[in-house]
Every structure is written in structure tokens, then in C-alpha cells.
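Protein chains: 2
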Amino acid sequence: MLKAVKEIELLLSSDAVSLDADVIEAHSHSDWSTSNSTGRPVAIVYPRTTEEVSKIAQICTKHDTPMVPFGAGSSVEGNFSSPYSGICVDFIYMDKVVSFHPEDMDVVVQPGVNWMDLNKQIAQDGLFLPLDPSPTATVGGMVSTNCSGTNAFRYGTMKDWVVNLTVVLADGRIIKTRQRPRKSSAGYNLTSLFVGAEGTLGLVTEITLKLAVIPQDTSVAVVSFPTIKDASAAATRLIRSGIQLAALELMDDVQMGVLNKHGSAAVRKRVWDERPTLFIKFSGPTQSIKGDILAVESIIKAFNAGEFYFAKTKQDEADLWSARKEALWTMTSIKPKSQSLWSTDVAVPISRLAEIINLSKEDAGKLGIFSSIIGHVGDGNFHEAIFYDPKNESQTQAVMDCVHKMMDRAIEMEGTVSGEHAIGLGKKSCLVEELGPATMNLMKDLKSAVDPKWIMNPGKVFDLPKGARAVAAATAA
Amino acid sequence: MLKAVKEIELLLSSDAVSLDADVIEAHSHSDWSTSNSTGRPVAIVYPRTTEEVSKIAQICTKHDTPMVPFGAGSSVEGNFSSPYSGICVDFIYMDKVVSFHPEDMDVVVQPGVNWMDLNKQIAQDGLFLPLDPSPTATVGGMVSTNCSGTNAFRYGTMKDWVVNLTVVLADGRIIKTRQRPRKSSAGYNLTSLFVGAEGTLGLVTEITLKLAVIPQDTSVAVVSFPTIKDASAAATRLIRSGIQLAALELMDDVQMGVLNKHGSAAVRKRVWDERPTLFIKFSGPTQSIKGDILAVESIIKAFNAGEFYFAKTKQDEADLWSARKEALWTMTSIKPKSQSLWSTDVAVPISRLAEIINLSKEDAGKLGIFSSIIGHVGDGNFHEAIFYDPKNESQTQAVMDCVHKMMDRAIEMEGTVSGEHAIGLGKKSCLVEELGPATMNLMKDLKSAVDPKWIMNPGKVFDLPKGARAVAAATAA
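So the protein lines, in turn, are chains A and B.
Start counting the first sequence at 1; every next residue gets the next number (the UniProt record's numbering).
Start counting the second sequence at 1; every next residue gets the next number (the UniProt record's numbering).
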């Protein structure tokens, strides 16, 4: 592996390679993640072009050295950790907008572009990328985890917004999955194969994104319910109504209490009902929103809903929505230093949502420690967050059991063990339970065909086969 | 191959296998298609369950016998023809709705289900599958070609509506790509790999489809323009406006003339302007549609638009839309018997649409024979149809040259050679030009990993490698 590092240094210039222990540590561990490996990369490399990435891959292939791509480091399933060591490829300097085509409603970007920066740059043309994961996320990471966020209810997930990808394969070959039409049925859908593959099939070096037109107007309403069951049932009815909402989010009583006690100044301007609460975003022409609001109010009444609170100004609207969006940040900031945060998600068919949220809350409640639920209920997807003491073995085991019970239940309900965080290190065994050995074997066959040495982000999505080059290299190192 | 047929007969019962010459012919040739091969399957087999398909695959693998899936036979690129002979697997008896989950807004079907029949069955629950290819199409074929139609502008293409697939691989293994969540980021997106793969990676035997809520109301408007350039420019401006139209279609002067002369009785109730015409479909709450119509009228005025004609009744609306939908049928019915129809499509970035339609019309006009253009302009996708005499070699060559020029132009404009018909036999060489050898090689690597003998629908999407078993078997037969 160190031979590979030296060759890369010669090729790229020495300041494109870091062996600094602090830098390596910062690329190996995350407080947000439940799945941190003890492995560390031998070096961090900083390419600036697709061609440089290709050369790095050629060298790594020559020396059987794992390559682990790194975006913003905000993923939560250990997606960027280095259990088999190797070289971490940080895309921070590949952060350019390559070309913007407002008339075609698309933009070509490098993987290190942050989605919020991108949206600021293109807003003057009335366009935006309608995904909203962590504010820190970069497009490369968003592609690799098939991310989504609160906007997914209306706009779908990352896979729906990628027109084409330029990818460097393990051996350095550069491929482009498609040209730039918004629609195509020409050949295999390689784009969708790489979206969500977590860098295990190749390193994404350029992305063409579809863009959506910024809606003329938006509005936000907040409404609370006596029980999770009422809130979920109301949400299910809204989904079935066909009213085109921009987002439909749920926060439980615990989360609402967190807002009252620890929300930002803007969020604490009002006292929130500490009950299960739906956050509803409307978007479209102003006139249509008025109709949508009336329709939503009339549907929700039947579910013991409290008073609707509507944002009165655009600032008020931003504040209300940030109460939802800052939930994970707030929790990270209030977590006692000695404790860890377990943050996970599942997604189920919509009709099972109320049931699984109820059961999961009940189980987590029995732990006797902090736990809360936030849901992208419009997609049948929700997150559970638990604080626990990692030094307390029996508590840690109890939390693990509780989370696995939730995973098993999601699988029983024909759901998935990961709605929007991908698999990483943390959910490999759950994925096998979800899909079964035949489907997993097909995925592994594809992996072997594209990356025969298994050196692309090894140990993610599935375990390595015995005798894989990456294992041998890590053992030798 | 005949050994394989005999084993299948023993296994399935003799009436599940046909060796009848007329039946074989009907499964080998299409008047709608430009790409008919001279090869014929040795038999047609009719499975009724996934398990039967699996057994067929095991037998075919044992005897190196190609398998060609057959849905409704309405594809246009030779997708179901049998250039290497083999066994044609007709899914006509696998036409059941397996389970319908209105509360989850999804339905599980067998591949032989017709999409219009399905929509009739589920309409009472206010749901529909929002794709609208040929009225004859079955879900299996729709999956395999990644079809779309006029609704794609609002609802996307087939890949956006498939939740999971059950697939029989070449060796008989049965895999299911996912469970039934509406959203997932768990493992590779195998679903999208099989959608659009034209049966070259496996035989799809069960499909879970997302469903959409039937809009409260719809409306249709028709408006003509002096030139294609005006019509395309108006369409482009509408797309950029963000007004959420249900469909945005273009028919050229020639097509409008066909409506006047040969349309159905309902369509001929009015005299159409024989000029380039946009067909615009609105959908949503009645009140929102009113707003959308005003907005569309004000945008389009600037492009020398004629008078808007709005459907006055629901019947009128159906008639107006059928004028658009029946275009291909009308052409097939007026085509002189001695002539053939060349029907093809491309898609380009939206800003290039006016230019490529203009140039393509100009080129086709020089042929001095019937040619027309219909466009799903909302997606940058359009169809060209040409009547020609297949016995007239120089004319046939001129038509081929003209079509290839259109393909080359679409590629130059960063477009695709197939917007919604897939590749089949007909567009293999164009696909290589579109994507280049590195990307094609990756597709072939995936094909080899999943179907090492190359016996799944061989000769489609790309040519077979030398020495492939399917070639050997066909040569021996």
C-alpha cells in the first residue's frame, strides 16, 4: 500500500497526498455514525480531475490497494470507513460546476459540490436540485447512498435526478453511463447501477443532474395529534388523497420536547405541543396551494387533529421547517459527551407505517433511555435515534437488540432495512435477511465482474469473499 | 434445441408447447417493426408460473438453447425476434393480478397483464399505472423496453414505477430484486438493471408496480402554429415555466392532414388546421387546472399561436386525445400493402429539439415519400414515420441513410438513439456510436456475469461475442 502512495505522490504532486495522523483520523471516524471501523487508511489523496482519479485507480489496482471514496463524511452507516485500510480518495477539490444548461434543465458537476451551494448558484435561473439530505452533503456522496430527505415525497430520491455519471472503474477505465437526454431506453441502465452502490463498483467523478423548476410559492403547516396512530393514519389518508404535497413529515412527542428545550432561537419563538406532530409543506402556484390547504384541513379533521398552525411570513415558514430539518443537529448537540447516538432508519409499505412506529416506540421506551422518532411518513420511511453509553455493555447490547428487532419487523412487513442511508458497514447482515442469498449472490456476481479484485470500498454492502485481494493486502499491511 | 423442446413438453404438458408454423410465424415478425430477423424459434412455450419458467431455463441452459421472451409483440425494434432461433417464451397465460394493495398504492402482477386491463380493474380504488404505450402492450414488455408514452412528461418512464421484479436467470435461479417499500437505498438497484434490459439478463415473471392517484380532473387543449420552430419554442418555454402539465405533444402538418383524411369518425368531427400542432393535457384539482390554462395561454401567445381549442365535454376530451393516441394505428391502416413503415425515435436535450425536428423534417422531405413527425416534446423525444417500398433498393437505402443521419445528429446533440423503444436488433450499431466502446464493454461484462452462455434473448442490445454458445447452437440447428 505504501508503494502505491509513493507512486501517487510522484504522479500528482506531494501536496495531493496526506499522511498526517489527524487528517487520517478525520477521514475514518464520525460521531454521527453508529458504524465506525477500527481500520485506518494509509493515506488520503486529493485528485483534481477524472484523469487523476484514473491514474490513482491504475496504481491501486497494480498494488492490490483498496480505494475508499470520501465526500463530506456525513453518512451514518460507516460508508466511508476503511476496514481494510487502503487509500482514501477525498473529492474536496473536485468541487466545480462543469457546465450549467438552464434551457435543458440540467447541470454537470464534480462530486465534491455541496448541494446547497449548487442550489444557490442556480437559483437565479429558477431551478433547483430537489433533494435535501444533510446540509453538509456533497453530490458524490448523495449519488453513492441514493440519498433523499424531506422532499422525496414529491420529487423522489437521488436515482430519479441523475442523468448520467462519469465513473472510474477499479482498473482505471473511464466510462460515461449515458449522454444527456432527459429520457432514454438505450441499453442497460448503468446510471442506476452506480447510484446507491456506495463506491463499491467505481469512483464517480462527474455527474449530470436533472433540475426542477422552483415552485412559484410554498406554505408550511404544523398540526399535532393525541397519538402516533392518529398522526400516521392522517398521513396515510393524505397520501391516498392524491393532493400533491411537497413534504409530509412526522416528529414524535420526544422530538417536540427537544424543540421546546433545545431548539434554535427561531424555533423556540413558539411553544410546541409535545405530542406527535405532522409538518406539511405545500408548493405550487399560490392559488393551487389555497385549494390544497382547504382539502388537507378537511381530511385531517377526522383524526383528532389539533389546531393547524400556518406560517404567517416567509421567515416564519423557514423557521417552522428548520424545526424539522435541524432535529438531528439538535440531538447531536444535546447528547452528553460520554454517550453515543444510534441513528437508523427503515421503510415499509405505507399501510404498515403506524404499526411499526408504534411497536418501535414501545420497544425503545422499554430501554429507559432517550429515544425519538422522526419520519418521512410520505414515503413510509422513518428514523429512530437513541442515546446510549457505549461503555455500558449490557445497555449497548440492549440497544442493538432493539434496533435489530425494528429491522426484522420492517423485513417481515415487506419493507427495507435502509430507506435513505444505504448499507455501509452497519447493515450488511440485515441486507442478507432482507433480500436472501440468491439476490445477494447476483449482486456479488456483478461486483466481481466490475471489480474482480474487490478493491473498491471493500467491506461495504457485503462482506468480502475469502481470498479477495483487498483482504490479503490489509493483512499484509 | 429440439431436445430441449421435448424435455419442456414432458415437463409442462404438451399443450404448453406449440410447433405450429403459423404460431411460430406470428411470434417472429411484426408489421409495425422495421427490424425483423429471418430467424425463427423452433417452438413457442407457454409457462403459467415462475417455477415453470425456472424449469424451462434449466433445460435451455442444459442444451445451450436461446430463450426469447414474448409479451404482446408490439415492440418496434425487433426486440422479440429470434435471430439465433431457440425457444420463444410467451407469457400470455401469466396474465394474473397476483395481489392489489390499494392502501400501499401498489399492485403485484404477472408479465402478461395488459396495462389498460389493469387500469380498468383498479380504477374503482382511484388508482392507475400512469404509463401509456401501445394499447396492446403487456407489463412484461413495458418493463423490458423501459417504455413510456404521452404521460411520461409528468409521470416519468417505466423504471420510475417498478418497485421490484421477480426474475428467472439463465440457469433457472429465481431472484427477487427488492421487497415492497416505495423507497429504498439498500444494496444495488437490481430492479433498474432489469428494466430496459430487453430480457437479455433474465426472464421477468412477476412485477410490483407503484400506482398513482387518478387526478381529480383533466382538460385537453389543441393549438397550432405556423412553423415547427414556433411550436417547439412554445413547448420549450412551457417546460421551463414549471407549470405541471400532464402531457405535451406535437404533431406535424403531415400528421394533422392524416387526421382530416383518415382519422376515426370521432376525430373527423372537426376540421384540423394542417399545421404543426401542440396537444396539451392538464390534470389536477379543477381549480388548479383553470389557473394552469390561463398561465399556458399567456405563455404561448408570444409564439404566433393560433386559437386554442378546448375540449367542451369529457367525450370531446377523449376524442381530442385519441387523435394523438391513434396516430400510429391510423398510419398503419393507410399504408399501401406493398409498402413498409419505418417508425423510429430519438431524444435530445430540450434546447436542441426544435433544431433536430426541423433538420429531420427537411431531410425526410427530400426523400419525396410520405414522412411525418410526432413528438413527446415535453421529454425532448420524438418519432419519425416513413412509408417506403422495401423492394425498391435505392429507396430503402435512402430511407436508412436518412434515419441514420437523424441518429447521428441526436448523438452529436448529446441525445440518445432510443427514447422509448429500446435497442432490439435495429439500433445496435447506433448504441455503440452513442456510448462508445468502454461503456459497451462494461455492459457486456455485466451480461457475461449474469448470462455466461449468452442464451438470454441473444443478439439484442449488442452482438454476441465470437464463440458464444447461442451462436454455436444456432449454427448447429
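Hints are not guaranteed to be accurate.
Identical copies go unnamed one by one, so any copy, or any two together, can satisfy a pair.
Simulated crosslink set (DSSO-like; lysine-lysine; CA at most 30 Å straight-line) [as the list claims (entries may be wrong)]:
#1 Lys176 / Lys405
#2 Lys405 / Lys210
#3 Lys325 / Lys428
#4 Lys210 / Lys325
#5 Lys261 / Lys391
#6 Lys210 / Lys361
#7 Lys453 / Lys325
#8 Lys96 / Lys337
#9 Lys210 / Lys229
#10 Lys3 / Lys120
#11 Lys444 / Lys466
#12 Lys361 / Lys405
#13 Lys269 / Lys229
#14 Lys210 / Lys301
#15 Lys210 / Lys290
#16 Lys301 / Lys391
#17 Lys55 / Lys261
#18 Lys6 / Lys391
#19 Lys120 / Lys314
#20 Lys366 / Lys314
#21 Lys312 / Lys62
#22 Lys96 / Lys229
#23 Lys301 / Lys55
#24 Lys55 / Lys325
Hints were generated in silico from the structure; no laboratory data involved.
Each hint, compared with the structure:
In this homomeric assembly, Lys176 and Lys405 come within 30 Å of each other (Cα to Cα) only across copies, at 23 Å, whereas the closest approach inside a single copy is 41 Å. Taking the shortest alpha-carbon separations for Lys405 and Lys210, only the inter-copy value of 27 Å comes in at or below 30 Å, while the best intra-copy value is 38 Å. Taking the shortest alpha-carbon separations for Lys325 and Lys428, only the intra-copy value of 28 Å comes in at or below 30 Å, while the best inter-copy value is 48 Å. Proximity of Lys210 and Lys325 under a CA criterion of 30 Å is satisfied in both settings, with 24 Å inside one chain copy and 28 Å between copies.
In this assembly of identical chains, Lys261 and Lys391 lie within 30 Å of each other by CA distance solely inside one copy; the values are 27 Å within and 83 Å between copies. Taking identical chains as interchangeable, the C-alpha atoms of Lys210 and Lys361 lie at most 30 Å apart only when they sit on different chains, with a minimum of 28 Å there against 38 Å within one chain. Proximity of Lys453 and Lys325 under a CA criterion of 30 Å is satisfied in neither setting, with 41 Å inside one chain copy and 51 Å between copies. Taking the closest pair of Cα atoms, Lys96 and Lys337 never come within 30 Å of each other, the shortest separation being 37 Å inside a single copy and 57 Å across copies.
Taking the shortest alpha-carbon separations for Lys210 and Lys229, only the inter-copy value of 24 Å comes in at or below 30 Å, while the best intra-copy value is 37 Å. Proximity of Lys3 to Lys120 under the C-alpha cut-off of 30 Å is found in neither arrangement, the shortest distances being 42 Å within a copy and 65 Å between copies. In the homo-oligomer, the alpha carbons of Lys444 and Lys466 lie at most 30 Å apart both inside one protomer (13 Å) and across protomers (26 Å), since each shortest distance falls under that limit. For the homomeric pair Lys361 and Lys405, the shortest alpha-carbon distance inside one copy (12 Å) is at most 30 Å, but the shortest distance between copies (62 Å) is not.
With identical chains, the CA atoms of Lys269 and Lys229 are at most 30 Å apart within one copy only, with a shortest distance of 28 Å there and 55 Å across copies. Taking the shortest alpha-carbon separations for Lys210 and Lys301, only the inter-copy value of 28 Å comes in at or below 30 Å, while the best intra-copy value is 38 Å. In this assembly of identical chains, the alpha carbons of Lys210 and Lys290 lie at most 30 Å apart whether taken from the same copy (29 Å) or from different copies (28 Å). Within a single copy, Lys301 and Lys391 get their C-alpha atoms no closer than 47 Å, and across copies no closer than 71 Å, so neither meets the 30 Å cut-off.
Taking CA atoms no more than 30 Å apart as the test, Lys55 paired with Lys261 passes in neither setting, with 52 Å inside one copy and 63 Å between copies. For the identical chains of this complex, Lys6 and Lys391 are neighbours neither inside a copy (39 Å) nor across copies (67 Å), given an alpha-carbon limit of 30 Å. Taking CA atoms no more than 30 Å apart as the test, Lys120 paired with Lys314 passes inside one copy only; the shortest distance there is 17 Å, against 44 Å between copies. For a Cα distance limit of 30 Å, the shortest separation of Lys366 from Lys314 qualifies neither inside one copy, at 41 Å, nor across copies, at 58 Å.
Neither within a single protomer nor between protomers do Lys312 and Lys62 lie at most 30 Å apart by alpha-carbon distance, with minima of 62 Å and 70 Å respectively. In this assembly of identical chains, Lys96 and Lys229 lie within 30 Å of each other by CA distance neither inside one copy nor across copies; the values are 46 Å within and 34 Å between. Proximity of Lys301 and Lys55 under a CA criterion of 30 Å is satisfied in neither setting, with 61 Å inside one chain copy and 54 Å between copies. In this homomeric assembly, Lys55 and Lys325 never come within 30 Å of each other (Cα to Cα): the closest approach is 40 Å inside a single copy and 52 Å across copies.
Violated hints, in rising order: 7, 8, 10, 16, 17, 18, 20, 21, 22, 23 and 24; the structure is consistent with all others.
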